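**Student:** The primary structure of each chain is shown beneath.
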Amino acid sequence: MTVRRVSVAVAALTVALTSAGCGSAADPKPAAAPAPVTSSIPVTKPFKGLRPTSVKIPKIGAESSLLAVAVNTDGSISVPSVHTPMQAAWYKLSPVPGDVGPAIVLGHVDGDKKPGIFYKLKDLAPGDEVDIDRSDGRKLKFVVDRVTQVPKDTFPREAVYGNSDRPELRLITCGGVFDHAEHSYKDNIVVYANLADA
Amino acid sequence: MGRTLNRVAGVVSAAALATFAATPAALADDETPTSSPETSTSTSETSTTSSSSATTSDTPTTVPSSTSGIATATPSEVKTTDKRVAPKAEPELKGDTQEPPKDEPQQDNVGHGFVGLGGEGVLVIACAAGAPGNVATQYLDVTSGPDQDGANGLLWNYTVRVADLPAGTTTGKFSWTCAGVEGNGVVEFEQEQPPTTSTTTATSSTTTATSSSASPSSTAPVTTATSVPATTPSGNAAPKAQVKVAPKGGVETGFGGMAW
Numbered sequence: 001m002t003v004r005r006v007s008v009a010v011a012a013l014t015v016a017l018t019s020a021g022c023g024s025a026a027d028p029k030p031a032a033a034p035a036p037v038t039s040s041i042p043v044t045k046p047f048k049g050l051r052p053t054s055v056k057i058p059k060i061g062a063e064s065s066l067l068a069v070a071v072n073t074d075g076s077i078s079v080p081s082v083h084t085p086m087q088a089a090w091y092k093l094s095p096v097p098g099d100v101g102p103a104i105v106l107g108h109v110d111g112d113k114k115p116g117i118f119y120k121l122k123d124l125a126p127g128d129e130v131d132i133d134r135s136d137g138r139k140l141k142f143v144v145d146r147v148t149q150v151p152k153d154t155f156p157r158e159a160v161y162g163n164s165d166r167p168e169l170r171l172i173t174c175g176g177v178f179d180h181a182e183h184s185y186k187d188n189i190v191v192y193a194n195l196a197d198a
Numbered sequence: 001m002g003r004t005l006n007r008v009a010g011v012v013s014a015a016a017l018a019t020f021a022a023t024p025a026a027l028a029d030d031e032t033p034t035s036s037p038e039t040s041t042s043t044s045e046t047s048t049t050s051s052s053s054a055t056t057s058d059t060p061t062t063v064p065s066s067t068s069g070i071a072t073a074t075p076s077e078v079k080t081t082d083k084r085v086a087p088k089a090e091p092e093l094k095g096d097t098q099e100p101p102k103d104e105p106q107q108d109n110v111g112h113g114f115v116g117l118g119g120e121g122v123l124v125i126a127c128a129a130g131a132p133g134n135v136a137t138q139y140l141d142v143t144s145g146p147d148q149d150g151a152n153g154l155l156w157n158y159t160v161r162v163a164d165l166p167a168g169t170t171t172g173k174f175s176w177t178c179a180g181v182e183g184n185g186v187v188e189f190e191q192e193q194p195p196t197t198s199t200t201t202a203t204s205s206t207t208t209a210t211s212s213s214a215s216p217s218s219t220a221p222v223t224t225a226t227s228v229p230a231t232t233p234s235g236n237a238a239p240k241a242q243v244k245v246a247p248k249g250g251v252e253t254g255f256g257g258m259a260w
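Line by line, the protein sequences are chains A and B.
Position 119 of the first sequence, counting from 1, maps to 119 under the numbering used here, and the rest follow consecutively.
Position 198 of the second sequence, counting from 1, maps to 198 under the numbering used here, and the rest follow consecutively.
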């Protein structure tokens with residue numbers, strides 16, 4: 001008796017789930033479940049529009065070319081591989097440095113058991129210089145305005161990503177306490193800089 | 001007795017080995033921030049991108065498939081009445097790589113779109129086979145792309161701009177093909193955050209009454225529309241955001257745990 005009730009319930013549930021299913025026979029053939037990609041995919045067609053090409057911060061000896069990155073499919077910002085911690089990147093959905101607005105440049109504090117390009121970013125102070133080269137040949141000098149340390153879970157989006165009325169630069173890396181369980185730092189270091197001759 | 005001691009020594013050695021092997025990859029310090037480290041960070045890495053051709057294929061070849069707001073691309077017909085389709089993907093070029101192997105498996109043929117308050121945004125499509133094709137969008141014009149994310153060659157980006165977005169629409173759909181296999185994704189239209197101070201006014205507020213937008217066609221993508229306060233700017237009318245899409249969360253740029 002009990003078995004029969006269970007069977008009926010299962011059958012009803014099956015019918016309900018089936019009838020609630022998406023798509024009709026006329027729809028395009030649904031894609032098979034995508035397989036995970038385990039190897040790296042070469043970057044053969046990177047962004048080639050107007051962009052910054054390099055960053056240099058004399059005070060902390062940091063110098064790198066700049067990749068152009070956007071976001072991952074979960075909306076988090078894409079960052080250079082942990083295996084290349086000395087590689088910095090420009091967030092291409094932000095202004096090109098030198099244009100009005102907050103240009104976002106990010107780099108690792110460390111990775112792969114090695115110091116990263118922004119290992120000493122927190123040591124910057126107001127007045128320090130940040131040099132950016134662009135693909136159009138312009139060479140820009142930014143001057144640090146302030147250095148902040150902010151928790152990632154209360155990241156100040158408006159302050160970092162909000163509009164500004166002049167060309168500005170944000171340098172972002174990790175900092176603060178290292179969370180062993182999450183394998184990640186709790187905070188971000190954000191350096192705010194302004195174009196020197198703007 | 002001697003044999004027993006040997007066994008004990010063996011156990012201790014095995015435990016030591018196991019401890020060594022289990023040490024986290026990160027050279028993480030204890031959870032106490034310290035003064036600034038002395039390690040030099042002189043630079044060496046000067047990886048540069050190598051491909052030289054500009055990639056702004058700007059000849060959308062589209063035919064609206066219906067009146068539902070989603071269009072599909074056909075390679076041979078050129079109609080300019082509806083531009084809500086990405087330029088045809090260019091063949092993948094084989095060239096230098098900038099990226100070392102990634103450790104974690106990533107999902108292929110998935111995608112998501114993000115449109116910021118200024119009405120501009122990006123479609124992100126994971127396609128290991130190369131540039132996606134037949135990108136079709138809802139409420140969006142594709143303004144450039146595809147190009148690969150500089151840090152992750154699996155990800156292809158199209159920049160987009162809102163077109164004819166019904167007020168209060170929070171999501172739309174888009175589709176593409178990757179190696180001939182169709183993929184579908186959702187586009188999120190960022191909404192202005194409502195004021196944190198709520199309450200009690202005499203006027204009747206229009207909050208959170210959900211209404212799904214009716215699709216004119218059975219094959220049209222379902223759009224989730226939620227009514228929002230009238231003061232909320234839609235993507236069409238919102239002031240331009242200098243950062244087109246504000247990334248979610250903080251920035252994950254440290255994995256070694258050796259800096260603090």
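Since the hints were made in silico from the structure, they are not lab data.
Model, not experiment: these values are computed from the prediction.
Check each hint, because a few of them may be wrong.
To be verified - Footprint (simulated), chain B over chain A, 3 or more residues, beta carbon under 8 Å:
hint: 1; segment: 41-52
hint: 2; segment: 90-97
hint: 3; segment: 105-118
hint: 4; segment: 123-135
hint: 5; segment: 172-186
Said to hold, decoys possible - Here are the simulated PhoX-like cross-link-like pairs (lysine-lysine), alpha carbons at most 25 Å apart as the crow flies:
hint: 6; chain 1: B; residue 1: Lys-248; chain 2: A; residue 2: Lys-186
hint: 7; chain 1: A; residue 1: Lys-139; chain 2: A; residue 2: Lys-59
hint: 8; chain 1: A; residue 1: Lys-113; chain 2: A; residue 2: Lys-48
hint: 9; chain 1: A; residue 1: Lys-186; chain 2: A; residue 2: Lys-152
hint: 10; chain 1: A; residue 1: Lys-152; chain 2: B; residue 2: Lys-173
hint: 11; chain 1: A; residue 1: Lys-48; chain 2: A; residue 2: Lys-152
hint: 12; chain 1: A; residue 1: Lys-48; chain 2: B; residue 2: Lys-240
hint: 13; chain 1: A; residue 1: Lys-114; chain 2: A; residue 2: Lys-48
hint: 14; chain 1: B; residue 1: Lys-240; chain 2: B; residue 2: Lys-173
Glycine included, each C-beta is placed from N, C-alpha and C at the ideal position.
**Student:** Each hint should be assessed against the structure and marked as holding or not.
**Tutor:** Structure-based check of each hint:
1. Evaluation of the coverage hint for the segment 41-52 of chain A: fulfilled, as 9 residues show C-beta separations to chain B shorter than 8 Å, against a requirement of three.
2. Counting residues of the segment 90-97 of chain A whose C-beta lies closer than 8 Å to any C-beta of chain B gives 5; at least three are required, and the coverage claim holds.
3. Three residues within the 8 Å Cβ limit are the bar, and the segment 105-118 of chain A against chain B gives 13, so the coverage statement holds.
4. With 1 residues bearing a CB less than 8 Å from a CB of chain B, the segment 123-135 of chain A misses the requirement of three and the coverage assertion fails.
5. For the segment 172-186 of chain A, the stated coverage by chain B holds: 12 residues have a C-beta nearer than 8 Å to a C-beta of that chain, and at least 3 were required.
6. A C-alpha spacing of about 15 Å is found between Lys-248 (chain B) and Lys-186 (chain A), which places the hinted pair at or below 25 Å, so the restraint holds.
7. Taking the CA atoms of Lys-139 (chain A) and Lys-59 (chain A), the gap is about 18 Å. The hint holds against a cut of 25 Å.
8. Between Lys-113 (chain A) and Lys-48 (chain A) the CA atoms are separated by roughly 32 Å; this puts the pair beyond 25 Å, and the hint is violated.
9. For the hint linking Lys-186 (chain A) to Lys-152 (chain A), the alpha-carbon distance of about 6 Å falls within 25 Å, and the restraint holds.
10. About 30 Å separates the Cα atoms of Lys-152 (chain A) and Lys-173 (chain B), which puts this hinted pair outside 25 Å; it is violated.
11. A threshold of 25 Å between alpha carbons decides the hint, and for Lys-48 (chain A) with Lys-152 (chain A) the separation of about 31 Å lies outside it, so the pair is violated.
12. Proposed proximity of Lys-48 (chain A) and Lys-240 (chain B) is supported: the alpha carbons are some 23 Å apart, at most 25 Å.
13. Proximity of Lys-114 (chain A) to Lys-48 (chain A) is assessed by CA-CA distance (about 30 Å); at most 25 Å being required, the pair is judged violated.
14. Distance hint between Lys-240 (chain B) and Lys-173 (chain B) is fulfilled; the C-alpha atoms sit about 23 Å from each other, no more than 25 Å.
Hints 4, 8, 10, 11 and 13, counting from the list given before, are not met by this structure.
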